[in-house]
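Just so you know, the protein sequences line up as chains W and H, in that order. Using my numbering, the letters of the first sequence correspond one by one to residues 1 to 174. Using my numbering, the letters of the second sequence correspond one by one to residues 1 to 493.
Hint data in this document are derived by calculation from the structure and do not stem from the laboratory. Honestly, I wouldn't trust all of these hints.
Stated by the list, open to error - DSSO-like mimics (lysine-lysine), calculated; alpha carbons at most 27 angstroms apart, straight line: (1) H:K92 <-> H:K164; (2) H:K88 <-> W:K43; (3) W:K40 <-> H:K335; (4) H:K331 <-> W:K27; (5) H:K164 <-> W:K38; (6) H:K171 <-> H:K88; (7) H:K331 <-> W:K29; (8) H:K268 <-> H:K171; (9) W:K40 <-> W:K29; (10) H:K478 <-> W:K38; (11) W:K38 <-> H:K181; (12) H:K92 <-> H:K478; (13) H:K185 <-> W:K43; (14) W:K40 <-> H:K92; (15) H:K335 <-> W:K29; (16) W:K43 <-> W:K31.
What the hints assert, rightly or not - Label-pair ranges, simulated between beta-carbon atoms: (17) W:A50 <-> H:A183: 25 to 31 angstroms; (18) W:E124 <-> H:M305: 45 to 51 angstroms; (19) W:A162 <-> H:E447: 19 to 25 angstroms; (20) H:I214 <-> W:A50: 43 to 49 angstroms; (21) H:N270 <-> W:T112: 52 to 58 angstroms; (22) W:G91 <-> H:N82: 56 to 62 angstroms; (23) H:M305 <-> W:D102: 31 to 37 angstroms; (24) W:A50 <-> H:N82: 33 to 39 angstroms; (25) H:I214 <-> W:K169: 36 to 42 angstroms; (26) H:I96 <-> W:K147: 58 to 64 angstroms; (27) H:I214 <-> W:G77: 49 to 55 angstroms.
Note that the Cβ used here is the ideal one computed from N, Cα and C, for glycine as well.
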Amino acid sequence: MVQTVAWIVSLIFMLLIAAVFGFVAFKSKEKRDYEPIKKKWYKARTFYGATLAVVMLVLTIYTLRELPYNQPVYSAGNDPTIVDVEAIQFGWKMSETEFKVDEPIEFHVTSTDVTHGFGIYDSELNLIAQTQAMPDYTNKVYITFDKPGTYEVLCLEYCGLAHHLMIGKIEVTE
Amino acid sequence: MVTAINTGDFKSKNSLIATYLIIGGLVIAVMMIFGILMLLAQGGVLDLPPAAFYQFLTIHGTGMIGGAALAASAVMWYFLSNYVELSKKVFKLNLILSLIGVVMVIIGVFSFKYASAWTFLYPLPALSGGAWGVTGALLYLVGMLILGVGFLLLYIDTGRAIIKKHGSLGKGLGWDVISGKRAEKDAPSPTVVASTMVTIVNVTALTAGATVLIMNIINVVNPAFTFDPLLAKNLTYAFGHIFANSIIYMGVIAVYEILPRYTNRPWKSNRPFLIAWTMSTAFTLVIYTHHMLMDSVMPKWMLIMGQVLSYANGLPVLVITAYGALMIVYKSGIKWDMASGLIFMSMFGWVVGVVPAIVDATIVVNHVMHNTKWVPGHFHMYMGLGAVVMIFGFIYYLSKVDSGLQTNGLDKIGFISYTLGIISVSVGFLISGAISTPRRWATHFPEWMAPAVFGAIGGVLAVLGLIIFIIHFIRYVKVRGISGSDINEQKLA
Numbered sequence: 001m002v003q004t005v006a007w008i009v010s011l012i013f014m015l016l017i018a019a020v021f022g023f024v025a026f027k028s029k030e031k032r033d034y035e036p037i038k039k040k041w042y043k044a045r046t047f048y049g050a051t052l053a054v055v056m057l058v059l060t061i062y063t064l065r066e067l068p069y070n071q072p073v074y075s076a077g078n079d080p081t082i083v084d085v086e087a088i089q090f091g092w093k094m095s096e097t098e099f100k101v102d103e104p105i106e107f108h109v110t111s112t113d114v115t116h117g118f119g120i121y122d123s124e125l126n127l128i129a130q131t132q133a134m135p136d137y138t139n140k141v142y143i144t145f146d147k148p149g150t151y152e153v154l155c156l157e158y159c160g161l162a163h164h165l166m167i168g169k170i171e172v173t174e
Numbered sequence: 001m002v003t004a005i006n007t008g009d010f011k012s013k014n015s016l017i018a019t020y021l022i023i024g025g026l027v028i029a030v031m032m033i034f035g036i037l038m039l040l041a042q043g044g045v046l047d048l049p050p051a052a053f054y055q056f057l058t059i060h061g062t063g064m065i066g067g068a069a070l071a072a073s074a075v076m077w078y079f080l081s082n083y084v085e086l087s088k089k090v091f092k093l094n095l096i097l098s099l100i101g102v103v104m105v106i107i108g109v110f111s112f113k114y115a116s117a118w119t120f121l122y123p124l125p126a127l128s129g130g131a132w133g134v135t136g137a138l139l140y141l142v143g144m145l146i147l148g149v150g151f152l153l154l155y156i157d158t159g160r161a162i163i164k165k166h167g168s169l170g171k172g173l174g175w176d177v178i179s180g181k182r183a184e185k186d187a188p189s190p191t192v193v194a195s196t197m198v199t200i201v202n203v204t205a206l207t208a209g210a211t212v213l214i215m216n217i218i219n220v221v222n223p224a225f226t227f228d229p230l231l232a233k234n235l236t237y238a239f240g241h242i243f244a245n246s247i248i249y250m251g252v253i254a255v256y257e258i259l260p261r262y263t264n265r266p267w268k269s270n271r272p273f274l275i276a277w278t279m280s281t282a283f284t285l286v287i288y289t290h291h292m293l294m295d296s297v298m299p300k301w302m303l304i305m306g307q308v309l310s311y312a313n314g315l316p317v318l319v320i321t322a323y324g325a326l327m328i329v330y331k332s333g334i335k336w337d338m339a340s341g342l343i344f345m346s347m348f349g350w351v352v353g354v355v356p357a358i359v360d361a362t363i364v365v366n367h368v369m370h371n372t373k374w375v376p377g378h379f380h381m382y383m384g385l386g387a388v389v390m391i392f393g394f395i396y397y398l399s400k401v402d403s404g405l406q407t408n409g410l411d412k413i414g415f416i417s418y419t420l421g422i423i424s425v426s427v428g429f430l431i432s433g434a435i436s437t438p439r440r441w442a443t444h445f446p447e448w449m450a451p452a453v454f455g456a457i458g459g460v461l462a463v464l465g466l467i468i469f470i471i472h473f474i475r476y477v478k479v480r481g482i483s484g485s486d487i488n489e490q491k492l493a
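Next up, chain W with everything else stripped away, as it sits in the complex:
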């Protein structure tokens, strides 16, 4: 799951940063001339900076390979089900809410009043996809459910006092 990977990666880097700051604080009590320290660590910085830039570049390329904005390539005879979604304070109007496992679906999401957030949650309350529901615009979510169950659509953009009550349901069957 993406969230778990994000949390573990963040935790590792945050602990690493804490260790570096802790080490420097620990070593701060010693007193040495600054010039040799500068010379040594400026050199190290070139290596560190270059490594960081390369790591970021690799991660960028890796994570940009597949974007949620791209329409999937559908096989012949396997056209997607288009679902028109209209957000309105404080509910969801969806042209269809019952789907099959492995059925490709495109949610075309808009709003009739303010900005809302169209977030699809699985039956274990994990967020699996989202887009903004904007007045005057239509954003798309491409999804194929791979498990049966009851999914929920929660509002993910603050839209007024009943924002947290804006919950829709989607049924996915085998």
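Dock chain H against the given chain W, drawing on the hints supplied.
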């Protein structure tokens, strides 16, 4: 450091700085209490009506950004005035306009139930579903506009003063040094460079903010006047992201100024430093699109740039500023006290808070974490453990050099309590985000409640720490000018 000549000038300058800081500090403390109440409500411990929750949400965001920006601008003004000639009248005017704006915002929120969150996404101010009316919306939006105008005047003045002294804003960023036309030894000081960056980005941000506020005001008065919601969203985030970000870029001036005094090591602008700040200037202006990664109607290239440049924006701080702070402290024999400890901690807070931000700026991650509590997890760490700690580090520094006021064991307890508190608040938010808890929800499903309660407990610890910091500052204000002065700045190292 250039020192002023006239004692009266110093007293008056520090009095104004102290006023800024005390207002900023108190606002932050009160906003923290609202934050705790919201977490307790989400944790199922406190029964808070949704209307009250969203009013708290609105005041919490507005107050935190406003209070921290006010205090951070005082940090910038204090040090920048040692290098360029700033207008005290404009500085005072900003304070007055800020206070007028704050009063209007408070009345709008609590007397007229206005609750659009501080991001006031068009057309929510006008379409509240019957929750608030025109008066509340106008009080809030006009109040924000007045606040923004005050800050805009302040940054126009800092820009004017920098141009007068250095010739142009480009030279304030050291572009003539980068291009080799001027020697490194003549480069503008880090304070001037950072202030130039903040001037450029905040004049832009505040202009965008004023534009979208005025558009919203007209829409509230006359709903027949409508405008493009995507344009409004771009303007809102261009304002909000940049202005909130600038707080840490103003706060870091305290790091550049204070650590060299404590370590007896210079922190001067060199070519990599100047390039890093030019990168920060450019990236800060354009990376707000990472707030719009879930608007697929945006041009795809803008969204991809949102990710790429958000990654790149981590480089100046990770490779130059944080690295510089570590280098200057490493084996320096630094004398640790509240000021130096908080300043060092603030750099840790900044760097550690960058990590979840970069992770969330990744489009595929944002797809399942945008607008979850992961986002406040990042900025509570970045702001609470970074920017706000810079401000309080400066406060302890100011009280030391301007009054000779001693700290005691209670201050140390405050340091520990605040640090542990903010870490707990942030980790609570990050865990909530990792389990998909949406942000800005008045109530939570039972599965989401435990991290909220954990965060609330952390919030209590943080407030206790902050109260101790503020008590110290009030003690300073009382004895200021009696024992010591920064004209005879003590040797700190």
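Do the hints match the structure? See the list:
1. For a cut-off of 27 angstroms, the pair hint linking H:K92 to H:K164 stands: about 21 angstroms separates their Cα positions.
2. Taking the CA atoms of H:K88 and W:K43, the gap is near 43 angstroms; set against the 27 angstroms cutoff, the hint is violated.
3. Simply put, W:K40 and H:K335 have alpha-carbon atoms about 23 angstroms apart, close enough for the 27 angstroms limit, and the pair holds.
4. Restraint check for H:K331 and W:K27: the C-alpha separation of about 5 angstroms stays at or below 27 angstroms, so the hint holds.
5. As the CA atoms of H:K164 and W:K38 are separated by approximately 34 angstroms, the hinted pair breaks the 27 angstroms bound.
6. For a cut-off of 27 angstroms, the pair hint linking H:K171 to H:K88 stands: about 24 angstroms separates their Cα positions.
7. A hinted pair counts as satisfied when its Cα atoms are at most 27 angstroms apart, and H:K331 with W:K29 qualifies at roughly 6 angstroms.
8. Of the pairs offered as hints, the one joining H:K268 and H:K171 holds, with about 16 angstroms between alpha carbons and a cut-off of 27 angstroms not exceeded.
9. Pair hint W:K40 plus W:K29 holds up; C-alpha atoms about 19 angstroms apart against a cutoff of 27 angstroms.
10. In summary, the hint linking H:K478 to W:K38 is not supported, as the alpha carbons are separated by about 42 angstroms, beyond the 27 angstroms threshold.
11. For the given pair, W:K38 sits about 25 angstroms from H:K181 by alpha-carbon distance, which is consistent with the 27 angstroms threshold.
12. As the CA atoms of H:K92 and H:K478 are separated by approximately 21 angstroms, the hinted pair is consistent with the 27 angstroms bound.
13. Taken as a hint, the H:K185 and W:K43 pair is honoured in the structure, with Cα atoms around 20 angstroms apart against an allowance of 27 angstroms.
14. Between W:K40 and H:K92 the alpha-carbon distance is near 46 angstroms, which puts this suggested pair outside the 27 angstroms criterion.
15. Taking the CA atoms of H:K335 and W:K29, the gap is about 8 angstroms. The hint holds against a cut of 27 angstroms.
16. For the hint linking W:K43 to W:K31, the alpha-carbon distance of about 21 angstroms falls within 27 angstroms, and the restraint holds.
17. Evaluation of the 25 to 31 angstroms hint for W:A50 and H:A183 yields a pass: the beta carbon distance comes to about 26 angstroms.
18. Between W:E124 and H:M305 the C-beta distance comes to about 34 angstroms, which lies outside the given range of 45 to 51 angstroms.
19. Checked against the hint of 19 to 25 angstroms, the pair W:A162 and H:E447 passes, with Cβ atoms roughly 21 angstroms apart.
20. Between H:I214 and W:A50 the beta carbons are some 46 angstroms apart, a value that agrees with the proposed interval 43 to 49 angstroms.
21. Checked against the given bound of 52 to 58 angstroms, the beta carbons of H:N270 and W:T112, roughly 56 angstroms apart, stay inside it.
22. Here the CB-CB span from W:G91 to H:N82 is close to 58 angstroms, well matched to the stated 56 to 62 angstroms.
23. Taken as a hint, the range 31 to 37 angstroms holds for the pair H:M305 and W:D102, whose Cβ atoms sit roughly 35 angstroms apart.
24. In this structure the hint that W:A50 and H:N82 lie 33 to 39 angstroms apart at CB holds, the actual value being about 36 angstroms.
25. For H:I214 paired with W:K169, a C-beta distance near 41 angstroms keeps the hint of 36 to 42 angstroms intact.
26. The beta-carbon spacing between H:I96 and W:K147, approximately 60 angstroms, falls within the hinted interval of 58 to 64 angstroms.
27. Under the hint 49 to 55 angstroms, the C-beta atoms of H:I214 and W:G77, about 53 angstroms apart, fit the expected range.
When each numbered hint is compared with the structure, violations occur for hints 2, 5, 10, 14, 18.
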